[in-house]
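Q: Read off the chains here:
Protein chains: 2
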Amino acid sequence: MVMDFVTLIEDFSNFTGRRTVVSISIFAAVLCLCILVGHLLEEHRWVNESITAILIGFIVGIIILFASKGKNSHILRFDEELFFIYLLPPIIFNAGFQVKKKQFFHNFLTIMSFGVLGVFISFTIISVGCCWLFPKVGFEGLNLQDYLALGTIFSATDTVCTLQVLCQEETPRLYSLVFGEGVVNDATSVVLFNAIKQIDISSLESRTAVKVFGDFLYLFATSTILGVATGLLTAYALKTLYFGRHSTDREIALMSLMAYLSYMLAELLQLSGILTVFFCGIVMSHYAWHNVSENSRITTRHIFAALSFMAETFIFLYVGMDALDIDKWKTSETRVRTVFGIYGVTIFLILIGRAAFVFPLSVMSNYFSSPSERQLITFKHQVVIWWAGLMRGAVSIALAYNQFTLSGVTQDPDHATVITSTIVVVLFSTLVFGFLTRPLVVMLLPHRHRPDTSDPHGSDNGSPSKDDILFPFLSVGDPSSSGLLQAKQSLSMLFERPVHTIHVHWRKFDDTYMRPIFGGPRLCEEN
Amino acid sequence: MVMDFVTLIEDFSNFTGRRTVVSISIFAAVLCLCILVGHLLEEHRWVNESITAILIGFIVGIIILFASKGKNSHILRFDEELFFIYLLPPIIFNAGFQVKKKQFFHNFLTIMSFGVLGVFISFTIISVGCCWLFPKVGFEGLNLQDYLALGTIFSATDTVCTLQVLCQEETPRLYSLVFGEGVVNDATSVVLFNAIKQIDISSLESRTAVKVFGDFLYLFATSTILGVATGLLTAYALKTLYFGRHSTDREIALMSLMAYLSYMLAELLQLSGILTVFFCGIVMSHYAWHNVSENSRITTRHIFAALSFMAETFIFLYVGMDALDIDKWKTSETRVRTVFGIYGVTIFLILIGRAAFVFPLSVMSNYFSSPSERQLITFKHQVVIWWAGLMRGAVSIALAYNQFTLSGVTQDPDHATVITSTIVVVLFSTLVFGFLTRPLVVMLLPHRHRPDTSDPHGSDNGSPSKDDILFPFLSVGDPSSSGLLQAKQSLSMLFERPVHTIHVHWRKFDDTYMRPIFGGPRLCEEN
Chain A
1 MVMDFVTLIE
11 DFSNFTGRRT
21 VVSISIFAAV
31 LCLCILVGHL
41 LEEHRWVNES
51 ITAILIGFIV
61 GIIILFASKG
71 KNSHILRFDE
81 ELFFIYLLPP
91 IIFNAGFQVK
101 KKQFFHNFLT
111 IMSFGVLGVF
121 ISFTIISVGC
131 CWLFPKVGFE
141 GLNLQDYLAL
151 GTIFSATDTV
161 CTLQVLCQEE
171 TPRLYSLVFG
181 EGVVNDATSV
191 VLFNAIKQID
201 ISSLESRTAV
211 KVFGDFLYLF
221 ATSTILGVAT
231 GLLTAYALKT
241 LYFGRHSTDR
251 EIALMSLMAY
261 LSYMLAELLQ
271 LSGILTVFFC
281 GIVMSHYAWH
291 NVSENSRITT
301 RHIFAALSFM
311 AETFIFLYVG
321 MDALDIDKWK
331 TSETRVRTVF
341 GIYGVTIFLI
351 LIGRAAFVFP
361 LSVMSNYFSS
371 PSERQLITFK
381 HQVVIWWAGL
391 MRGAVSIALA
401 YNQFTLSGVT
411 QDPDHATVIT
421 STIVVVLFST
431 LVFGFLTRPL
441 VVMLLPHRHR
451 PDTSDPHGSD
461 NGSPSKDDIL
471 FPFLSVGDPS
481 SSGLLQAKQS
491 LSMLFERPVH
501 TIHVHWRKFD
511 DTYMRPIFGG
521 PRLCEEN
Chain B
1 MVMDFVTLIE
11 DFSNFTGRRT
21 VVSISIFAAV
31 LCLCILVGHL
41 LEEHRWVNES
51 ITAILIGFIV
61 GIIILFASKG
71 KNSHILRFDE
81 ELFFIYLLPP
91 IIFNAGFQVK
101 KKQFFHNFLT
111 IMSFGVLGVF
121 ISFTIISVGC
131 CWLFPKVGFE
141 GLNLQDYLAL
151 GTIFSATDTV
161 CTLQVLCQEE
171 TPRLYSLVFG
181 EGVVNDATSV
191 VLFNAIKQID
201 ISSLESRTAV
211 KVFGDFLYLF
221 ATSTILGVAT
231 GLLTAYALKT
241 LYFGRHSTDR
251 EIALMSLMAY
261 LSYMLAELLQ
271 LSGILTVFFC
281 GIVMSHYAWH
291 NVSENSRITT
301 RHIFAALSFM
311 AETFIFLYVG
321 MDALDIDKWK
331 TSETRVRTVF
341 GIYGVTIFLI
351 LIGRAAFVFP
361 LSVMSNYFSS
371 PSERQLITFK
381 HQVVIWWAGL
391 MRGAVSIALA
401 YNQFTLSGVT
411 QDPDHATVIT
421 STIVVVLFST
431 LVFGFLTRPL
441 VVMLLPHRHR
451 PDTSDPHGSD
461 NGSPSKDDIL
471 FPFLSVGDPS
481 SSGLLQAKQS
491 LSMLFERPVH
501 TIHVHWRKFD
511 DTYMRPIFGG
521 PRLCEEN
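Just so you know, the sequences run in chain order A and B.
Residues 1 to 527 (UniProt numbering) are what the first sequence spells out, left to right.
Residues 1 to 527 (UniProt numbering) are what the second sequence spells out, left to right.
Excised from the complex, chain A in its bound form (with noise of 0.2 Å):
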């Protein structure tokens, strides 16, 4: 009877799409054992939860490999689609949602002149040194316009690793800092690809420049004011119409919805989705957060992280699978030594390339930043933030697919060696560099323990420390202090840079009109 059974229902199988139910379960399975895995070596010196899943994923394929008689090695092929349409959305809205926007807001001339202006300093490196080093170590199947795309594709950060061993309650800046441009570097590097792609090699000129940077400007602005519009519609929809009266489940799903609209629509427009989903993640937990039921807020929080943290493990767990795409290997007929030189040039490069803008630019900052702040970014955590730079991730690998290969397959082997390549220095840079991050923090920046607050939007005023002092009229309105902090404020807005005086205006403006309508706490209460 099983058995006849089993023919008999083999049919709604095939209807349910066989194929699809054997990856999403094994992809479950495997996430599920990622969870379990990483909890448990979260105390672990030297491993982090990146780390823990591309192994994973890299002996889960190495199984399959096995399983399928070296047929292939991933149960889903790489694919761009579902890389930017469902895992990088939640993972940037999230952090929007979760980050101290008042270290960001301060630190924001600084993260974006690494994230832009740094950007573009190590692409120009990138690209000159592939393309005088690559013929040198016997690679010669690219033209100028693959050297331009290479020169991206390796300037896309993951600073994932990185994040997960900073204390942000502890150098709330240095964590600002890496986190900030983590985010404009993924917008940018995409928005650069893209420029690039569609520069007519045949008739380059000097002003090409000019205008890719101009089109980047244009589009950071159109996708801000996108992503900050989406936000405030939805608080104001729900400070309008749940007046009263909360339902949970609505609420969730609402602000769900309309992030991810935010970030369709951007996308729609043909601008950044990146940046769109970022700012409207900003300004939701800035206002619509409040407006929700005490229980909405525990869920939204919970749940935007959480998916946030599949997706991210999704992401590192495929990239290992990856590794082991044995199609890609065996179009590659480029000889072990041209292979070694490779890898060897692109990992100098990124060094290099980021060492370029990471120290020049600090001192920059530092130069500008008025003394009596002492917010100078020390040369500790300058090495911080070009060490957190040093991963790629998954956006490059969805890059080199987009460049190099037709819907993830190619025939052409100088093409593969790219692919690979790319693979490669991926796995190479988080392993080995994300691998010793834990000690060089640990070694660099001495454990001083405080507390966790586990509550991302609980207020982030702890004790100033040496290197990280909080900007003191962020308490505007704290009765307590009013009178001194009324003082330091005018001082402060005497002598500091234009920025922290538009930061004033801002918080005025915010409570005497925004909140009213938006919703939000009063006097202050927030990050």
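Hints are computed from structural coordinates only; laboratory data are not their basis.
Any given hint could turn out to be false.
Note that the list lumps identical chains together, so a pair holds whenever it fits in one copy or between two copies.
[To be verified] Derived SDA-like pairs: lysine to any residue, alpha-carbon spacing no greater than 25 Å straight-line:
1) K380 <-> S365
2) K239 <-> A305
3) K508 <-> A311
4) K239 <-> T331
Dock chain B against the given chain A, drawing on the hints supplied.
A: Coordinates of chain B only, in the frame set by chain A:
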């Protein structure tokens, strides 16, 4: 510059799948609209969210039909994979997770007789009726297997409308019967449908019916065991690994992934995913839910409800849009009179087919119930149960597409007629019967206001009402009244039906062995 830039990044849009982006954007926007409109109309007497979603879907369909100049009315083709792999699992899991387990298991035999025997009776009446009456209204294009399939298609109920109206706090037993039947009915219909697709019509014998029923029992048992095993495994993992150290994001990710994995594993092993994920939900809320942090509890409870809510709204929206599937209407060549004959016959058979089992089986259930319990299903309740199952929904449409189309497309005019008829019957039953549900329930069950407990896991020990007396022995272990209860319990065990005796033994077993291993509140605090 703007235009240059637009062409510049046009490629990126192609690369992320422009069509997908457009579809998702529209769906997300329309879902948001549904949520807002649904919330505004919540207090309205005649409307519920299913109807709102169908009507909004219909309007959006008309707009798209005009915008695309009559080419197509829906953005996505009705996709069985989307439905069975992504939309159904969260709905059913949430059903299991939020169900009042006490009531569900007490009414287990009644629910099973409605959900299994009932489907078989309804299926027989509708199949025989269609076979006899369709030729009489001039529709002759179907074979015997098609008629049998129609029997299952129109036996799959959709009780969402009714559950939105019934109050779980006021009439727990009725709610539990309607709800429980809905879940078991879904599973039975899908399994029966697949059994019929495999029957060799040419060699039909009397043993076939017995065999199909036997297969169902085997499937029910194995699916339940798989669901329970997955739930217990999750509870055990959470309890063992997270002792003394909580990580909310990981807990949430693990629970969601394991729930989804149970569904996928069942599909992979060719069992009933619906039943598996339902029992997985029950076990998780009974054990695993008690092993996680307070924040994880709030988050999981709301996120599963919100997901289920979004999936339901999405389905109804889709059904509304699908009504304008212009290709099907064009392919269908049946005369108008015949078409209305088909609608009439089908709706008549649905009414008769359901009455034919609800009233007799209720009487039977009352007969076997001991008089001391006063747990009779009154005639008013029987009418509500009968009415609750008259609506037809997405499962009917999914099964109809599976039987009468090839990947959503058919060239056969008769098959196109069946598809359009199914859509019309689903729309009619949901709109008309659904519309009348609230007034009917209000008329039959006068409202007795009682404060809502927003906690679905709180105890449901409201004061016993006339029809729904709670079982006294469910409070075993309550220290304040244990003497009296012990006596009552002994009496119960002597006089009551075996299923109740089993229940008492189960409680003892649960408290002594299961909870210490898998977690959960002691002293019967849960539902």
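Q: With reference to the structure, classify each hint as holding or not holding.
A: Checked hints:
Taking identical chains as interchangeable, the C-alpha atoms of K380 and S365 lie at most 25 Å apart only when both belong to the same chain, with a minimum of 15 Å there against 77 Å between chains. Taking the shortest alpha-carbon separations for K239 and A305, both the intra-copy value of 24 Å and the inter-copy value of 22 Å come in at or below 25 Å. Taking the shortest Cα distances, K508 and A311 never come within 25 Å of each other, neither inside one copy (38 Å) nor across copies (42 Å). Taking the shortest alpha-carbon separations for K239 and T331, neither the intra-copy value of 58 Å nor the inter-copy value of 48 Å comes in at or below 25 Å.
Going down the numbered hints, you'll see the structure goes against 3, 4, while the others check out.
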